[in-house]
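*Asks:* Listed below are the residues making up each chain.
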Amino acid sequence: MIKAIVKTELAIYFRNLNSIFLPLIFFFLILSVFPLILGTDKILLGKVMPGMIWVTVILTTLLSSNNFFRDDYKNGVIETYLTADTSIELVLFFRIIACWLFTCLPVIVFIPVISLLFEISFQNSVIILLTLILGTPILISIGIFGSALTLGLAKNNILTPVIIIPFYIPVLIFSASAIEAVSIGLPYTSQISILLSLLVLVLPIMPYLLKYTLELSINN
Amino acid sequence: MNISKIANLRYFYTKTEKITVFLSFLSFLLFCIGVYWGLYIAPTDYLQGDSYRIMYVHVPAAWLSLQVYIIMALSGFIALVWKVKIMEIASIQCAPIGAFFTLIALITGMIWGKPTWGTYWVWDARLTSELILLFLYIGIIVLYSAFSDKRQAVKVTSLLAIIGIINIPIIHYSVEWWNTLHQGPTVTKFEKPSAHITMLLPLLYMLIAFNVYFLTVFIKRIRLGIYLREKNSKWMKEYLND
Amino acid sequence: MIEFFSMGKYTVFVYVAYFVSIVILLAGYFLPHYRLKKEIKKKAYEDNKKQ
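Protein chains in written order, with the numbering used here: chain E, 1 to 220; chain D, 1001 to 1242; chain A, 2001 to 2051.
FYI, nobody ran anything at the bench for these hints, they're computed from the structure. Since this is a predicted model, take the numbers as computed values, not measurements. Virtual Cβ for every residue (Gly too), placed ideally from N, Cα, C. One or more hints might be untrue.
With beta-carbon atoms standing in for the labels, derived distance ranges [what the hints assert, rightly or not]:
| no. | chain 1 | residue 1 | chain 2 | residue 2 | range |
| --- | --- | --- | --- | --- | --- |
| 1 | E | Leu22 | D | Tyr1120 | 36 to 42 Å |
| 2 | D | Leu1201 | E | Ala176 | 38 to 44 Å |
| 3 | E | Val162 | D | Lys1018 | 53 to 59 Å |
| 4 | D | Lys1114 | E | Leu10 | 39 to 45 Å |
| 5 | D | Lys1114 | E | Ile37 | 48 to 54 Å |
| 6 | E | Glu79 | D | Thr1014 | 37 to 43 Å |
Short, incomplete list of chain A residues facing chain D, as computed with Cβ under 10 Å [what the hints assert, rightly or not]:
| no. | residue |
| --- | --- |
| 7 | Lys2009 |
| 8 | Tyr2015 |
| 9 | Ala2017 |
| 10 | Tyr2018 |
| 11 | Ile2022 |
| 12 | Leu2025 |
| 13 | Pro2032 |
| 14 | Arg2035 |
| 15 | Glu2039 |
| 16 | Ala2044 |
| 17 | Tyr2045 |
| 18 | Asp2047 |
| 19 | Gln2051 |
25 Å max Cα-Cα, derived PhoX-like pairs, lysine-lysine [to be verified]:
| no. | chain 1 | residue 1 | chain 2 | residue 2 |
| --- | --- | --- | --- | --- |
| 20 | D | Lys1231 | A | Lys2049 |
| 21 | D | Lys1150 | D | Lys1018 |
| 22 | D | Lys1150 | E | Lys155 |
| 23 | D | Lys1237 | A | Lys2037 |
| 24 | A | Lys2009 | D | Lys1231 |
| 25 | D | Lys1150 | A | Lys2042 |
| 26 | D | Lys1150 | A | Lys2009 |
| 27 | A | Lys2038 | D | Lys1085 |
| 28 | E | Lys3 | E | Lys155 |
| 29 | A | Lys2009 | D | Lys1234 |
| 30 | D | Lys1085 | D | Lys1150 |
| 31 | D | Lys1083 | E | Lys211 |
| 32 | D | Lys1234 | D | Lys1083 |
| 33 | E | Lys211 | E | Lys47 |
| 34 | A | Lys2037 | A | Lys2049 |
| 35 | D | Lys1114 | A | Lys2037 |
| 36 | D | Lys1150 | A | Lys2038 |
| 37 | A | Lys2041 | D | Lys1231 |
| 38 | A | Lys2038 | D | Lys1234 |
| 39 | D | Lys1018 | D | Lys1231 |
| 40 | A | Lys2041 | D | Lys1018 |
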């Protein structure tokens, strides 16, 4: 059963290779804008780039999880979700994981390369990596929730990001606080543990919340 | 009197016409007294001089911004679960009211911050989470207006409001959890209040005045919502014709 | 009357803060007030046009 779900998800993503490469390219594009603006001052870049990496990750996850349910809504897949007799929460859970795998994992894999490019110190890049691994699943889940909320809307403009970013801000605050603590030399375990508890809280609940939201949004 | 009759839209609309007039005058009166009390009668602070008087609008506005959000989330919850029509109207009408209160709290906080701390804004926990509250309110208003089917809109915005309620304890306890610039709790400390009673009393009075104002605007907005929903119904036409 | 403005250097801050909050509170009251009147008038006009 699980094998079948995983196979379907991988097939969906591999069929359209755009969905794998575009988030990564978008991430690099936005990230390269910052040194263009800030100039070549290495010290300034070293201080500012960890935060900018996080901002770019937020933009990337926002834009790639925005249209998660859009095609499904158009094709009527949502109704089959809700009338199926299998546990749809499991399918949604694996869909969230798959979305994370194909949009955030490439970014995370490239972080060592980026930290070499911008001369971010080793401890900083380790903490960036850790906060990203803990934080991006949360961001993806919340973004998918936003997509489920705005399911019925025809004009998909900038509405979903506007609604979702207030929920991103706590994750951003704790990650930035952890990165800052490491760069000063203070302990960072409290922020990491809060991020971990957020992840453990959000990720299991999200499939159930998504099912409820889909029922709400589809009911005409 | 059967309390559940209030949930009946027609009963609410017809019976509250006179009450709104009375409540408007009452809140205006309470405000005049409160502003005079806060600006003139309350004594000058030893440390902060007279700038602390901004507290008399800042603190009630901030308190009410949280309270209104809780009311919005609660009525949204009742609307989602029990599908009570008046709660659907009440829930979404709380959003602009709460947004205005949050705006007042933020702006007066900035104005108060300049003489007290030397800066208009600092990214500490309480200010940032209050700003997030404003964004939540705006998000709810924008999400509601994006739907053309308003029954559907209420369902979705109620869910958003309920999910966003996690922000409320963050705002309230942020001054205890994080060591920040904002002062600690003064009103709810029961052992030994750190502010003098002559300064505390007008604050409590202004809280009551703000709440009466909220009640007035809340009822007015619910009446507006009922009218927009029921304007083609028979009872509304009959009621407006006399 | 002059005592009202004897707050030292804080006068401007305090009065601007109170002014802004009162303006926003009044706006919050009159928005639904006039919106309801406008909606009722609009409906009456449309009903008249139909007849």
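*Asks:* Would you pick out the hints that fail for this structure and give their numbers low to high?
*Replies:* Numbers 3, 4, 5, 17, 19, 21, 24, 26, 28, 29, 33, 35 - these are the hints that the structure violates, sorted from lowest upward.
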